[in-house]
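Student: Line order of the protein sequences matches chains L and F.
Under our numbering, the first residue of the first sequence carries the number 1, and numbering increases by one thereafter.
Under our numbering, the first residue of the second sequence carries the number 1001, and numbering increases by one thereafter.
One should not assume that every hint holds.
Said to hold, decoys possible - In silico DSS-like links for lysine-lysine, alpha-carbon gap of 30 Å or less:
| no. | chain 1 | residue 1 | chain 2 | residue 2 |
| --- | --- | --- | --- | --- |
| 1 | L | LYS12 | F | LYS1082 |
| 2 | F | LYS1108 | L | LYS127 |
| 3 | L | LYS82 | L | LYS127 |
| 4 | L | LYS12 | L | LYS58 |
| 5 | L | LYS32 | L | LYS12 |
| 6 | L | LYS82 | F | LYS1108 |
| 7 | L | LYS108 | F | LYS1082 |
| 8 | L | LYS58 | L | LYS32 |
| 9 | F | LYS1119 | L | LYS58 |
| 10 | L | LYS3 | L | LYS34 |
| 11 | F | LYS1003 | F | LYS1034 |
| 12 | L | LYS82 | L | LYS58 |
| 13 | L | LYS119 | F | LYS1058 |
| 14 | F | LYS1003 | L | LYS108 |
| 15 | L | LYS82 | F | LYS1058 |
| 16 | L | LYS58 | F | LYS1108 |
| 17 | F | LYS1058 | L | LYS58 |
| 18 | L | LYS108 | F | LYS1058 |
| 19 | F | LYS1119 | L | LYS108 |
Hints were generated in silico from the structure; no laboratory data involved.
Number of protein chains: 2
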Amino acid sequence: MTKHSRQRECIKEFLATRYDHPTAEIIYLNVKEKFPNLSLGTVYRNLSLLTELGEIQKLSTGIGPDRFDGNIAPHYHVLCTKCGRVQDLEIESIDHIDTLASTQFDGKIEGHFTYFFGKCRDCLENKNNC
Amino acid sequence: MTKHSRQRECIKEFLATRYDHPTAEIIYLNVKEKFPNLSLGTVYRNLSLLTELGEIQKLSTGIGPDRFDGNIAPHYHVLCTKCGRVQDLEIESIDHIDTLASTQFDGKIEGHFTYFFGKCRDCLENKNNC
DNA sequence: TTGTAAACAATAATGATTACTATTATTATA
DNA sequence: TATAATAATAGTAATCATTATTGTTTACAA
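Start from the sequences and build out the full structure, keeping to the hints where you can.
Tutor: Shown next, in the form of structure tokens:
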């Protein structure tokens, strides 16, 4: 049985205010302001739990540490290969690629994860503020 | 200037014989049979170099350690969520999703990486040999 | 040959994440 | 409201994958 925890509540609330997909470290530093003796392990444990519960989303981009997204509505992400920023991308569903994959795979396709990569607007314009 | 190295040669040859996308650790254990005092660092260094040269492909699936693929022809991969196996998938190009993403992204889309997930044939049939 | 620079083995260090343990907080119940 | 049961915590150690360092060896060009 899972009990309420003020730390977990705060982690979830913090994520709801951020649209830049922060890492566990960033979340730790921010939530620590409200809970000065917060432990990094607590952050990781709760991020895992919230991900399992489907209340947040974990992004394993393969570039740097995992990131977390408080928005669980279906959407995609673009990774800037210059500054490392991860931005949201609202596109129409591309779930047809699962059907396509199913026709060629001897087994059951349950879904996919896709990350787009490229250059963000700021990097294209050489603004170094990203 | 990059010099010839028998270790690198052997790593590349080994990858060419394998279709199961081995990890650095597995590659190390196998190539060690020919070079008994091979170092794990040498494996990582050469895998990075070969990846940069475009002679092999690195797969960062987000599940477990990175894997490597000696086949650089464009193709996709399916991760079995039960046994962790990574299998090849030959499907027609889905590069149109980059065009789709471009229409919604304020910046430049250069490509995408997509991993499908599901259950492999062996796991569906409860054969525990995978 | 011989000089030089790349590659090596061995090992230490790092970064991200998970595990452990004694204490504290939450919640059900007396 | 007090108390008992136990989930969650803070603090810390350990692990896992990977990268860095260093002194020695190997490839190759002069």
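Student: All hints are to be evaluated individually against the structure, with a verdict given for each.
Tutor: Taking the hints in turn, this is what the structure says about them:
Restraint check for LYS12 of chain L and LYS1082 of chain F: the C-alpha separation of about 29 Å stays at or below 30 Å, so the hint holds. Pair hint LYS1108 of chain F plus LYS127 of chain L holds up; C-alpha atoms about 15 Å apart against a cutoff of 30 Å. Taken as a hint, the LYS82 of chain L and LYS127 of chain L pair is honoured in the structure, with Cα atoms around 11 Å apart against an allowance of 30 Å. For a cut-off of 30 Å, the pair hint linking LYS12 of chain L to LYS58 of chain L stands: about 13 Å separates their Cα positions.
About 13 Å separates the Cα atoms of LYS32 of chain L and LYS12 of chain L, which keeps this hinted pair within 30 Å; it holds. A threshold of 30 Å between alpha carbons decides the hint, and for LYS82 of chain L with LYS1108 of chain F the separation of about 12 Å falls inside it, so the pair holds. Pair hint LYS108 of chain L plus LYS1082 of chain F holds up; C-alpha atoms about 12 Å apart against a cutoff of 30 Å. Simply put, LYS58 of chain L and LYS32 of chain L have alpha-carbon atoms about 21 Å apart, close enough for the 30 Å limit, and the pair holds.
Between the alpha carbons of LYS1119 of chain F and LYS58 of chain L the distance comes to roughly 21 Å, so the proposed pair stays at or under 30 Å and holds. Restraint check for LYS3 of chain L and LYS34 of chain L: satisfied, since their Cα atoms lie roughly 20 Å apart, inside the 30 Å limit. At roughly 20 Å between alpha-carbon atoms, LYS1003 of chain F and LYS1034 of chain F fall within 30 Å of each other, so this suggested pair holds. Between the alpha carbons of LYS82 of chain L and LYS58 of chain L the distance comes to roughly 22 Å, so the proposed pair stays at or under 30 Å and holds.
Annotation: proposed proximity of LYS119 of chain L to LYS1058 of chain F holds, straight-line Cα distance about 21 Å (limit 30 Å). Of the pairs offered as hints, the one joining LYS1003 of chain F and LYS108 of chain L is violated, with about 45 Å between alpha carbons and a cut-off of 30 Å exceeded. Only pairs whose Cα atoms come within 30 Å are accepted, and LYS82 of chain L paired with LYS1058 of chain F is accepted, the gap being roughly 19 Å. Proximity of LYS58 of chain L to LYS1108 of chain F is assessed by CA-CA distance (about 24 Å); at most 30 Å being required, the pair is judged to hold.
A hinted pair counts as satisfied when its Cα atoms are at most 30 Å apart, and LYS1058 of chain F with LYS58 of chain L qualifies at roughly 21 Å. Between LYS108 of chain L and LYS1058 of chain F the alpha-carbon distance is near 24 Å, which keeps this suggested pair within the 30 Å criterion. Of the supplied pair hints, the one linking LYS1119 of chain F and LYS108 of chain L holds, its CA atoms being roughly 5 Å apart against a limit of 30 Å.
Of the numbered hints listed earlier, the single one contradicted by the structure is hint 14.
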